[in-house]
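With these hints in hand, go ahead and build the complete structure from the sequences.
For reference, the chains in residue letters:
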Amino acid sequence: MPILETKQLIKTFGGLTAVSEFDIYLNKGELIGLIGPNGAGKTTAFNMLTGVYQPTSGQINFLDESVVGKYPYEITQKGIARTFQNIRLFKDLSVIDNVKIAYHQNVNYSVLDSILQTRKYRQEEKEITEKALEFLKIFKLDHKSQEYAKNLPYGEQRRLEIARALATKPKLVLLDEPAAGMNPQETQELLGLIKWIREYFDLTILLIEHDMSLVMNVCERIYVLDYGKIIAHGTPQEIKINPRVIEAYLGEEVPVC
Amino acid sequence: MRAMDKNRLIVAAGAVALGIILQLLIWNGTLNAYYAQVLTMMSIFVIMATSLNLINGITGQFSLGHAGFAAVGGYFSAIITTRLQLPLPAPMIFTISLLVGGLIAALAGFLIGLPTLRLKGDYLAIATLGFGEIIRVLFLNWKYVGAAAGMWGIPGYTNFIWAYMLAVLTVIFIVHFMNSSHGRACISIREDEIAAETMGINTTKYKVMAFTFGAFFAGVGGAVLGHLIRLLHPATFSMTFSVEILLMVVLGGLGSITGSISAAILLTFVSEALRKFNELRMVIYALMLIGIMLFRPQGLFGRKEFSLDLLTDSRFMFKSSKNRGA
Amino acid sequence: MLKVKDLNVYYGGIHAIKGISLEVEEGQIVTLIGANGAGKTTILRTISGLNKGKSGTITFKNTEIQTMPAQEIMAMGISQVPEGRRIFPAMSVLENLQLGAYRRKDRAGIKNDMERVFDKFPRLLERIKQQAGTLSGGEQQMLAMGRALMSRPKLLLLDEPSMGLAPLFVQAIFSTIKELNQEGTTILLVEQNAHMALSIAHQAYVLETGRIVLSGDAKELASSPEISEAYLGGTIGH
Amino acid sequence: NKPAEPAAPAAGDNTEEGDIVIGGILPMTGAIATFGQSSKKGVDLLVEQVNAKGGVLGRKVVFKVEDNKSTQADSATAAQKLIQQDKVVAIVGAVASSNSLAAAPIAQEAKIPMVSGSSTNPAVTEVGDYIFRAAFIDPFQGAVMANFATKDLKAVKAAIMTDANSDYSIGLGNVFKDVFTANGGTIVSEVSFVSGDTDFNTILTTVKNAKPDVVFVPSYYDTVGLILNQAKNNVGFPAEVKFLGGDGWDSPALFELAGDAANGHYFSNHYSPDVDSPEVKAFIDAYKAKYNEVPDALAALAYDAANMILTSIEKAGTTDAPALRDAIAAVELNAVTGKIKLNEKRDPVKSAVVIVVEDQKQKYFTTVNP
Amino acid sequence: MAEFLQQLINGISLGSVYALVALGYTMVYGIVRLINFAHGDVYMVGAFAGYFAIKTFKLPFFAALVAAMAVCAILGVIMERIAYKPLRNAPRVAALMTAVGLSMFYQNFTIYRIGAQPKAFPKIAQVNWQFAGVTVSNSQVLILGTAIALMIILHFVVQHTKMGKAMRAVSQDRDAAMLMGINVDNTISFTFAIGSALAAAGGVLVGQYYGVVQPLMGALPGLKAFVAAVLGGIGIIPGAMIGGLILGVAEAGVSAVGFSTYRDAVAFGILILILIVKPAGILGKNVREKV
Ligand SMILES: Nc1ncnc2c1ncn2[C@@H]1O[C@H](COP(=O)(O)OP(=O)(O)OP(=O)(O)O)[C@@H](O)[C@H]1O
Ligand SMILES: Nc1ncnc2c1ncn2[C@@H]1O[C@H](COP(=O)(O)OP(=O)(O)OP(=O)(O)O)[C@@H](O)[C@H]1O
Ligand SMILES: [Mg+2]
Ligand SMILES: [Mg+2]
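Residue numbers (the working numbering), protein chains in the order written: chain L, 105 to 361; chain C, 822 to 1147; chain Z, 7 to 244; chain A, 2 to 371; chain F, 440 to 730.
These are computed hints drawn from the structure, not numbers from a lab. Hints are supplied without guarantee of correctness; some may be wrong.
[Said to hold, decoys possible] Below, computed lysine to aspartate or glutamate pairings styled on EDC-like, alpha-carbon distance capped at 16 Å: (1) F/Lys558 to A/Glu191; (2) F/Lys562 to A/Asp261; (3) Z/Lys126 to Z/Glu189; (4) L/Lys299 to L/Glu324; (5) L/Lys195 to C/Glu1014; (6) C/Lys941 to F/Glu728; (7) L/Lys273 to L/Glu251; (8) F/Lys524 to F/Asp624; (9) C/Lys1026 to L/Glu178; (10) L/Lys254 to C/Asp1013; (11) F/Lys601 to Z/Glu101; (12) A/Lys178 to A/Glu191; (13) A/Lys209 to F/Glu442; (14) A/Lys212 to F/Glu442; (15) L/Lys195 to C/Glu1093; (16) L/Lys273 to L/Asp306; (17) A/Lys112 to A/Glu294; (18) F/Lys601 to Z/Glu232; (19) F/Lys494 to A/Glu257; (20) Z/Lys58 to F/Glu442; (21) F/Lys558 to A/Glu257; (22) F/Lys562 to A/Asp179; (23) A/Lys346 to A/Glu127; (24) L/Lys254 to C/Glu1093; (25) F/Lys729 to C/Glu1014; (26) F/Lys729 to C/Glu1093; (27) L/Lys195 to C/Glu1065.
All values reported here derive from a predicted model rather than from experimental measurement.
Put into structure tokens, the structure is as follows:
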């Protein structure tokens, strides 16, 4: 029983077809990779899954319900969270506020509660702060909770973005190139982290990544996208040796690891 | 948390004490009617500036329509106090009129917020400016409220303590709102709308909410103003008025409530102090404004809040808003 | 060709570059590696004139360039592929490339170079009319590289040129860098992908929180255990 | 409740102990700054003349102007400042009725007489018994021109062009409409513009096509000049169609802006330079000598308003509030803008003259008595 | 029919006045992303410069026009250097506020120095053409013609010249523009010089057309030009022209059918309706940011 399933998903921009045959499914608890050459349409596919772009046509079912036409916030509330290829933190806010904002949809107190600063408000606020700090601790960011997000080094910004996505309490997380801009050392750490959060939060994860050391090591299955079409699908071992993938994406020189 | 609460209590107590002291000084004549008038105007501008800050500074929606909301509040409250003969004591009539003025302004804010929210940045600015002007033109043509001659004979219910109390209430409301998850939702829209949406925040809802609350207080401000100068005229609520309030918000620092308060007080004071220069008044005012902007482009307070912590922690003069609630 | 001496750069109160000296010989590829936030980007920006150092000197071909405005430094033959690509998002791919040749007047040469760029990055030719801001991340990276080439620089500063690129393109970029170098362009390369960087570079500098902690022949550094431990991901490697 | 005597002004620019301080609430900046500047020049001239003759009650007169930015809120605050800080004995101002209405309740409560030169809305003096004016009220002037149109010009079809932002303009327009229709005429077109507009071609085309006999334009010279100009030169109004206006037309700027397009049109005014009134001649000469320009209606009205105050102080022999108030109420003055005598509503009862423009000059046409 | 045509012509000539001012507005916006609130007041300064050139220095009309443009070009550069340049890296709204301050300064300084009284601007010899019951004057044609010519020239400069490319590059990313070897300071100065010279041209032509100059003359056209620029898609040069004409014709239409008191309300109403349908103006592309 897949948690997410797409059928015949198409996205065109004017005359340009960015995504045309995009049929994937994700089972609960899986960690799946989406790879493909630059401009293949991976980010566009993410944008459709999260409601940032409306698909030109096709279906997206999440937990047996169509999410096509839904607003991004509704989709997030349903349980899909994401990170962005170009980091989109709330740069001028503190690290902890970034996480607290993501916690918003789980807040129950009303505006009136906050104006009157009722007990409910105070209790929940306290809880939010504690929860947020907990998240930061998991991502080893707690010592920087009062820092401006923009002042964090790149790798930490990436981590914060993941933490923020998880604070929305998602069932499915989409990560767009989480290792971009990280050095191999940091990538290794990230690899461990991704594995760990999947277990700890009981998540399904779909990730886009060009760093094969990451993809091949964590993903259970991999989809390969080229010119908007899925050209291959299989386990890392299968993908590595798939000639079409090698030709379109990996190149002759088989990458490290 | 503890220290925070304590500081807040001190601020609140300080605010109340200041109000009482000023009112006592007014009663015993140490502060004459002129000073009372200026203090009242300052309070009104505090209401206007902080409420605009909610829209512009906190939610990041560039609105130039605040004068329109003030007009709605002013006129409808004046209708209550002049056109209806309510058999109630004056303070009650005034309270009702403030509420009605505020609520109708809030409705206007809601109605304006809805269709214009698709607009971004400068486009939103011009659309809200347009709405403000439309509202003004409607009042200009509405005979019932005096059209171009204005509406006069409004009872002078406003005095310093009323305006001051309402300003304090406005500030409390906005600060409490800001410090809640709802307020953070608004802030996230300002910071990055797309990211906010993917955090599960219904950006439309919160933008409309900010507009509605902002308009409510602008309406109350307009009502207080109307009952101070006892006359409402469409010309009062021109674009210049909106710009003047925006000046206060920017000068204080977008998003900084203490900034808005300080700037409202400062600009009212400066404008008063320069009055006697007649033709040169606005020349000096303009030069000063440019000077301050060049000197502190991010506003007097940036996004930060002036805080009592400086008393306990001498290293920092200003405390970042990020620390609050922690 | 390029000499940086005792350079100190501050961001407000943050001392980002702490007395760094480095040299780039004509015709070489020199790489600068280091963890996030070490100050690599800051060095490149300061060389380009986008940041100003507080003290120290930067000389290019024996001319002090630290006091020069960025556009004049560029006119001397230093081009940069900046971090985060910094393409002009509302302009077409073609216009972006044309801007790369802003300071040049030789029409024939420009045309020639344009073809060379399309040769190296055929994807750009496919997207020649597209608004650059809507390109995919990798496409933008190619555009940024192509744009820098259009100025025919003597010294090319590259800030993480392989970031966000598919493996195939990473290989392509590195071979392009090598080719350019062979054609006579001197290159200062900042990379996270230290493996690749060290494999093509002649010289390398290792940066740690604003200071140079190691420097020397790239091949030698690549095989030094400290480097492999800290920057090559430890366990994995050749 | 404020003792006004002996005037002990707060320390301020060139004010000394014992001076008589008169306040002014005038729009020195903002949309109608031009009227504020004229008004101030008028009062300054009077004060200079009076002080040259030894002042009032042997004391020097000082005129303190507070700018009101042409806004209501500032008018109210300015009134408070003049009364509380500057301890003025009386106030001249404001210019626009809406501004006067904001200042008047404060003057009334403090029992400081306030005389407006140019606020024409009847409501201004209704605020209380300390509020006076030097100008005609809207109903009078509007009626004068409506009757003039019917009786002298035999007009049956009229058009009205008003400034939607100006209560003066709308007030006059409304009265004109009422009286003209009561006289049996019809209003064939009503259009409006806003102060600051420069393009009137559209509304003039509309008006022209309604084929009126007369067009009533109760606005100020700065816009009327442009309207007359465009009516003749752009829209091609036939010469038979007469434009009519009120005292707002009175300024040399009108003829500059309209050129020969002003010729043949009529407006009501307080005085005519032709009339052999020594007051008018003296005023115009003195004004020209001091400022090297011809005064407009606002300068004359402000001059008279201040004159009402100073004459009354002299007469009352004191600056004490109630006595001064009574003296102003009883004032009889051969003023520049006509003989001023106030009725029980504290509005002047004075006759109007109708001026015709000939050769880009004002020419006396007829006098209309209230 | 004749009336309709006449009103259409009135609307177009009013619209071309708006367009003339809006062109400079939109160009400056397009390059520096600044709503130059003081633009209308530069237009006023230009009109006064023309006025004094004719009255005091006895220059012929076209020489006065050029002189006014030169004066304002210099003024534009000075104003940019003093009031805007220091704020380049500040929040955008800071520069907006100094623009408001400059606007206040120009208006009130002129009131202070020259007086608030309107001054009659000498007109050029008036020629009226009549046909089919409608009248068109040479001034109207001159303004419309100038606006169209300037629009074409500007559009060409910005889109197809090297300077124009530099201007656009600066508007999108200043650091990157520097890396291309573009002198950012000069480019922005140039932009302000052109924008201000255009405002001056508008001021002189319009002053001449209506025969009047006064210190607050820039306020209303400044606002209307802003609206026109937004209507057409702010930053887009042909958009300013289209926006100006639509606004002018709409206002004329509203007045012609007898709702002149609601003129500005209707003008803004149209603006809002168009923006709701096309949130980035008529020619603006509403591209959702790529994430
Ligand atoms: N808004 C848009 N308008 C026009 N074309 C677009 C738009 N967004 C994306 N594209 C095009 O669609 C194609 C797919 O882009 P997308 O960003 O999805 O690629 P990607 O697979 O994520 O590549 P990369 O790995 O380089 O990030 C690209 O060729 C891009 O130029
Ligand atoms: N604009 C800025 N303001 C304040 N501090 C900055 C700014 N830019 C960089 N820094 C700080 O200067 C230091 C060096 O940053 P720099 O960007 O040069 O590092 P880097 O080596 O390029 O890192 P990365 O690998 O993440 O690109 C970091 O600590 C960073 O936080
Ligand atoms: Mg992508
Ligand atoms: Mg870097």
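Here is how each hint holds up against the structure:
no., hint, verdict
1, F/Lys558 to A/Glu191, "violated, 28 Å"
2, F/Lys562 to A/Asp261, "holds, 13 Å"
3, Z/Lys126 to Z/Glu189, "holds, 14 Å"
4, L/Lys299 to L/Glu324, "holds, 11 Å"
5, L/Lys195 to C/Glu1014, "holds, 12 Å"
6, C/Lys941 to F/Glu728, "holds, 12 Å"
7, L/Lys273 to L/Glu251, "violated, 24 Å"
8, F/Lys524 to F/Asp624, "holds, 8 Å"
9, C/Lys1026 to L/Glu178, "holds, 12 Å"
10, L/Lys254 to C/Asp1013, "holds, 13 Å"
11, F/Lys601 to Z/Glu101, "holds, 10 Å"
12, A/Lys178 to A/Glu191, "holds, 10 Å"
13, A/Lys209 to F/Glu442, "holds, 10 Å"
14, A/Lys212 to F/Glu442, "holds, 13 Å"
15, L/Lys195 to C/Glu1093, "violated, 40 Å"
16, L/Lys273 to L/Asp306, "holds, 10 Å"
17, A/Lys112 to A/Glu294, "violated, 36 Å"
18, F/Lys601 to Z/Glu232, "violated, 50 Å"
19, F/Lys494 to A/Glu257, "holds, 13 Å"
20, Z/Lys58 to F/Glu442, "violated, 66 Å"
21, F/Lys558 to A/Glu257, "holds, 8 Å"
22, F/Lys562 to A/Asp179, "violated, 39 Å"
23, A/Lys346 to A/Glu127, "holds, 7 Å"
24, L/Lys254 to C/Glu1093, "violated, 41 Å"
25, F/Lys729 to C/Glu1014, "holds, 13 Å"
26, F/Lys729 to C/Glu1093, "violated, 49 Å"
27, L/Lys195 to C/Glu1065, "violated, 30 Å"
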